[in-house]
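Student: Take a look at the letters that make up each chain.
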Amino acid sequence: MTYEAVIGLEIHAQLQTATKIFCGCSTAFGAPPNANVCPVCLGFPGVLPVLNRAAVDLAIKASLALGCRVNETSVFARKNYFYPDLPKGYQISQYEQPIASAGLVEFAGPDGPRRVQITRVHMEEDAGKSLHEGFADSDRKTYLDYNRAGTPLVEIVTEPDLRSASDAAAFFEHLRSMLVWLGVNDGNMEEGSLRCDANVSVRPVGTTTLGTKAEVKNLNSFRFLQKALEYEIERQIDVLHEGGRVKQETRLFDSATGHTVSMRSKEEAHDYRYFPDPDLPALIVGAARVDAVRASMPELPDARRRRFVAQYGLPDYDAAQLTQTRAMSEFFEAAVAAGAGPKAASNWMMGEMARLLKDGGKDINGSPVTPAQLAGLVALIDKGTISGAIAKGVFETMMATGRDADAIVAAEGLTQIDDEGQILGIIADVIAKNPDAVATYRSGKTATFGFLVGQAMKAAAGKANPKRVNELLKRALETA
Amino acid sequence: MNPFATLREVRDAVQHGTRSAVEVCTEALARIEAHNPQLNAFNTVTRDEALAQARAVDARADRRSLPLAGVPVAVKDNLCTRGIRTTASSRILERFVPPYDATVVARLQAAGAVVVGKANCDEFAMGSSNENSAFGPARNPWATDRIPGGSSGGSAVAVAAGMSPLALGSDTGGSIRQPAALCGLVGLKPTYGRVSRYGLLAFASSLDQVGPFTRTVEDAAIALSVLAGHDPADATSAPEPVADYVAALGRSATGLRIGVPRTLVHQGVDEEVARAFDEALEVYVRAGATLVDIELPSASAAIPVYYLVATAEASSNLARYDGVRYGFRAKAEGGPGAQDDLRTMYGRTRDEGFGAEVKRRIMLGTYVLSAGYYDAYYLKAQQVRTLIRRDYEHAFESVDVVAMPTSPTPAFRIGERVADPLQMYLADIFTVSANLAGLPAISIPCGFTSGSLPIGLQLTGRVFDESTLLAAAHAYERETSWTSRVPVLSNS
Numbered sequence: 001m002t003y004e005a006v007i008g009l010e011i012h013a014q015l016q017t018a019t020k021i022f023c024g025c026s027t028a029f030g031a032p033p034n035a036n037v038c039p040v041c042l043g044f045p046g047v048l049p050v051l052n053r054a055a056v057d058l059a060i061k062a063s064l065a066l067g068c069r070v071n072e073t074s075v076f077a078r079k080n081y082f083y084p085d086l087p088k089g090y091q092i093s094q095y096e097q098p099i100a101s102a103g104l105v106e107f108a109g110p111d112g113p114r115r116v117q118i119t120r121v122h123m124e125e126d127a128g129k130s131l132h133e134g135f136a137d138s139d140r141k142t143y144l145d146y147n148r149a150g151t152p153l154v155e156i157v158t159e160p161d162l163r164s165a166s167d168a169a170a171f172f173e174h175l176r177s178m179l180v181w182l183g184v185n186d187g188n189m190e191e192g193s194l195r196c197d198a199n200v201s202v203r204p205v206g207t208t209t210l211g212t213k214a215e216v217k218n219l220n221s222f223r224f225l226q227k228a229l230e231y232e233i234e235r236q237i238d239v240l241h242e243g244g245r246v247k248q249e250t251r252l253f254d255s256a257t258g259h260t261v262s263m264r265s266k267e268e269a270h271d272y273r274y275f276p277d278p279d280l281p282a283l284i285v286g287a288a289r290v291d292a293v294r295a296s297m298p299e300l301p302d303a304r305r306r307r308f309v310a311q312y313g314l315p316d317y318d319a320a321q322l323t324q325t326r327a328m329s330e331f332f333e334a335a336v337a338a339g340a341g342p343k344a345a346s347n348w349m350m351g352e353m354a355r356l357l358k359d360g361g362k363d364i365n366g367s368p369v370t371p372a373q374l375a376g377l378v379a380l381i382d383k384g385t386i387s388g389a390i391a392k393g394v395f396e397t398m399m400a401t402g403r404d405a406d407a408i409v410a411a412e413g414l415t416q417i418d419d420e421g422q423i424l425g426i427i428a429d430v431i432a433k434n435p436d437a438v439a440t441y442r443s444g445k446t447a448t449f450g451f452l453v454g455q456a457m458k459a460a461a462g463k464a465n466p467k468r469v470n471e472l473l474k475r476a477l478e479t480a
Numbered sequence: 001m002n003p004f005a006t007l008r009e010v011r012d013a014v015q016h017g018t019r020s021a022v023e024v025c026t027e028a029l030a031r032i033e034a035h036n037p038q039l040n041a042f043n044t045v046t047r048d049e050a051l052a053q054a055r056a057v058d059a060r061a062d063r064r065s066l067p068l069a070g071v072p073v074a075v076k077d078n079l080c081t082r083g084i085r086t087t088a089s090s091r092i093l094e095r096f097v098p099p100y101d102a103t104v105v106a107r108l109q110a111a112g113a114v115v116v117g118k119a120n121c122d123e124f125a126m127g128s129s130n131e132n133s134a135f136g137p138a139r140n141p142w143a144t145d146r147i148p149g150g151s152s153g154g155s156a157v158a159v160a161a162g163m164s165p166l167a168l169g170s171d172t173g174g175s176i177r178q179p180a181a182l183c184g185l186v187g188l189k190p191t192y193g194r195v196s197r198y199g200l201l202a203f204a205s206s207l208d209q210v211g212p213f214t215r216t217v218e219d220a221a222i223a224l225s226v227l228a229g230h231d232p233a234d235a236t237s238a239p240e241p242v243a244d245y246v247a248a249l250g251r252s253a254t255g256l257r258i259g260v261p262r263t264l265v266h267q268g269v270d271e272e273v274a275r276a277f278d279e280a281l282e283v284y285v286r287a288g289a290t291l292v293d294i295e296l297p298s299a300s301a302a303i304p305v306y307y308l309v310a311t312a313e314a315s316s317n318l319a320r321y322d323g324v325r326y327g328f329r330a331k332a333e334g335g336p337g338a339q340d341d342l343r344t345m346y347g348r349t350r351d352e353g354f355g356a357e358v359k360r361r362i363m364l365g366t367y368v369l370s371a372g373y374y375d376a377y378y379l380k381a382q383q384v385r386t387l388i389r390r391d392y393e394h395a396f397e398s399v400d401v402v403a404m405p406t407s408p409t410p411a412f413r414i415g416e417r418v419a420d421p422l423q424m425y426l427a428d429i430f431t432v433s434a435n436l437a438g439l440p441a442i443s444i445p446c447g448f449t450s451g452s453l454p455i456g457l458q459l460t461g462r463v464f465d466e467s468t469l470l471a472a473a474h475a476y477e478r479e480t481s482w483t484s485r486v487p488v489l490s491n492s
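In order, the protein sequences belong to chains A and B.
Everything in the first sequence is counted per the working numbering, starting at 1 for the first residue and increasing by one.
Everything in the second sequence is counted per the working numbering, starting at 1 for the first residue and increasing by one.
Some clues are possibly wrong.
[Claimed, not checked] The calculated DSS-like cross-link candidates involving lysine-lysine, where the alpha carbons are at most 25 Å apart (straight line), are:
1) K359(B) - K79(A)
2) K433(A) - K392(A)
3) K445(A) - K467(A)
4) K458(A) - K392(A)
5) K213(A) - K266(A)
6) K79(A) - K331(B)
7) K343(A) - K463(A)
8) K331(B) - K141(A)
9) K383(A) - K362(A)
I should point out that these hints are in silico values taken from the structure, not numbers from a laboratory.
Let the sequences and hints guide you as you build the complete structure.
Tutor: Here is the structure:
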C-alpha cells in the first residue's frame, strides 16, 4: 500500500514591537538575563495586564497577509499550567475566539504551486526561558531568564493541507519571508523569533479520513522541519506496515540524530483549563482599524512580482528573485528610478552584487553601493564610457569603497578606447607579434580569431571597445 | 482628639492647622498600640513610615486643599504597599515586600492620607469571619469573643475601634459590606471598574473591587472621590467620569423608590436582624421614600454561581504562588543541602504555604474549569450571572435602590462555624449578587441586637450611580443616630 502524509503546521511568530504585549518592558534580544523585566511580566502579586496596541496592529497585518478574516471580537483566555518559566502559572492566549480566522495562502512548492488554508491566527504572550545548562551547578539547579516572558506572539495554525515534508518546508519559508517583508517578524530563527511545530499523520493514498497524528515539536529551521517530517512520515508508515497503530502523542525532534522521540502521550496531555481572562476586556477590532492597517501595508511580494514583470518587462525568474525580500525589491525600484535599465539593474543585483554581498557576509541593507550609484554605473556602460568587462572591476571597487563609478573610472583612467586609429595601432602590433596564429587564420582555420582578440584586449589593458576590436581585427586579417 | 472622630473632622482639623498630621498619626499609633494586641486588627503596623508620611503631609504647601489631609488609613493586607510587606494574611507571602504601590494606595497618599498599617483579613480574602488568617483572627470590638466579619475584618476593626477613621477593604462577595455591618460601620463596594484593582492581590478578578470603611456616609463619599477614576494600569477600570459624590449628599428621601425583594429577605434571617431591617424601611417611608416590592428570581442561585465563578478565577489567580520567584518556598526534607525536584517543591510549598480554606477553593475552582466540567459549571454559572444582572436591570426600571439586610445574622462567636464551611458560604446570600452584577452596594448601620451587636442595612444601586446610592444612605443616616454609638474597649 502507498501512503501519503497529511501535515498541518503551528507557527509561533514573535511580533516586532518595541515593548512587551502586556507591559512596557523592552523586547530587545541579547540583554543580560532578567534585565528586561518588571512586576507585570514577572507575575508579581496584584499586577494586571494592559494590551499593547502595536502588537494588535501587527497581528492584524499578519492576518490580512494570510488572507484571514479579522474577527471583530476576540477574547484573551488563560491557559493554565505550572512551569517555572511561566510567571503567572498561566499563559495569556486566545482560545475560542482568536483575532483572525479562515485564511488562504498560495505559494510555490518544489513540485508546483500549492495552497494552504489558515485555520486561525491568535495572539499570545511568550514564556521565559529555563537555562538547564552552562552553569557550574547545572547538575542541581535550573536558572530562569524572564526577558522573553511577555513577548508578543502570533500563533498561525494551518489546516492539514500539506502533503510532503518539502512542501511544508517551502511553506514555512514562504511564510517567513512574508512576515519579514511585512515587518511583523524579524525572521530570526536562531533567536527563537520564529518557531514551528507540525502535526503529521499518514493515510493510504486515495482515502480521505485522517490518520492518527503526532505533534512534532522543536522544528526551528527549514532543514530541521523537512528532516523531522521525513523521518516521522517514514516512521509512521513503518509502524503501519508492521501492522501497528500510530499513537497520538507529542514527539520531540532531536537535530543531532535526525530522529523524533516520544515526549508525552495523549493520556499525559495537560488539561489547560482555559477560561476567558477576566483581567482583559474583549478585544474589539472595528472595520476602520482593519482598513487603516490594510492601508499601511506594503505591496505584498506576489503582487510586486507580477507588477515587476508587467511594468519593467522582467522575466519571471528575475521578478521572483528581486522580490525575495522587500529591501531587494525596493533597491531595484530605486535604481530604476535613478535611470538604470530594469534588466541591467536586475542582472547586476542578481549577479555581481549578490555575490559580493554574500562574500562580505552582508545583505542588501548593508550594501555599500546605493541604488543611485548602481544606476550611475549602468549609465557609464550604456554611454559606452566603459566596457562591461571593465565595469565588473569598477563595481568591485564601488562595493569595497562606496565611491561613485565615474570617479573610479576617471581616477583609474578606465575610459573605453573607441578611437579607430588607436585600436588599429594595437591590432597591427598584435598581428606582427603573432605570425603563426595569423597564418593559421588566413589558411582558413578561423578558430584562432578569439585568441587574437584576447591579445588585443590584453594589449589595451581591457579598455578597448571590444566590438570595435572585433570589427577592425577581422578587417585587418581578411584584407591584408 | 476623640479617637472616634470622623474622617471629615480629622481632615478639616489638619487642613485648618488646628492639628498637625504628625499629632493625628501619633495618636492613631498609640491607639493601635493599646488595642491591637487584643483585637489583632493589623498584620503590620507601619509606625516609622506613617510618621514620615505625616511629616511630609505637614510640609506640603497644598495641605489645605488635600481631601484626606493627615487622615490615618488602615490598608487591607491584600493591597500592595511599596517597601512594606503585603501578606494577604497568608504564610505563602509572610515575608513578601512589594516593589510597587497599588493604585489606590498611591491615590490615598497623594490625597494626604497616612498609612498606619496593613490590616488583617481572611487569607487571600477568602472567608467571611477573618478566621482564615495565618496570623490569627481579628476580634470584633463590640464583643471580642466574636468575629468582626470578613474577609476585610481587620479593616473594619481598625475603624470600629477608633484606630483610624478610614480603612481600605476589598469586596469580592461581601468582604467590605458584611464586616461593616457586623462592626457598625459604613462599608462601600463601588461599581465594578469604578476603582482600580492594580495592586490588589486578585482573588476573583471579575468580582473584586476595592472600597472604603468609614464611620459615616459622608466620609465614604469623600473617600470614594479620591479612590474612583480610570487607571491606565487596569484594563477593567472604567473611563466613566467621576461624579462629585459629596455634593450629591443632602438630598431628601422624598420620591426615593426603594425596591424590596420580599421573598428573598425573609429567608433564614435572624429575628432581630429582620426587625431592624423592617424598622429601617419604616424610617425611609417616614422620610418620604416609597417601597416597591420587586422580584429577583435568579438571585436564589447567587450563592452557587458565586462559588463557581469565584473559585474558578481564584484557582488560576493563585497559581503564581509557586515558590519560584518570591514568597515562601518549602524546605526540602533531609537537612541542609537536600533538594526537592520541581513537582515536590511545588506541592510542598503550596501545601505548607496555603491554609485550608484557600486550598479548598483552589481545588473547587480547578475542578470547575476542568475539561468535561467547564460547560456544566463555569459556563452555566456565567449564564446565570447574566440572568442575575438582568434581574437587577429590570428592577432598576422602577426603583432607585434595592434594600436588603447585609448579613442574615449579627456577628457570631469565633470558632462557631469553622467546622461548617457551607453554612459560612450561605451567609453571603445578600451580598454576592451585587458582585455578580457589578453593581455598587453599601452597608450602613441600622440598629443593634439586644446584646449590643451592630446590624447593617444594605442598599444596592445602578451601575456607576454611586451618587444616588450614597444620597439614599445619607438620607437614612440623617434620620437616625446609630453612627454615634461606639464600642467600649477594655483598656482604652
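Student: Against which earlier hints does the structure fall short, listed by number upward?
Tutor: Numbers 2, 6, 9, in rising order.
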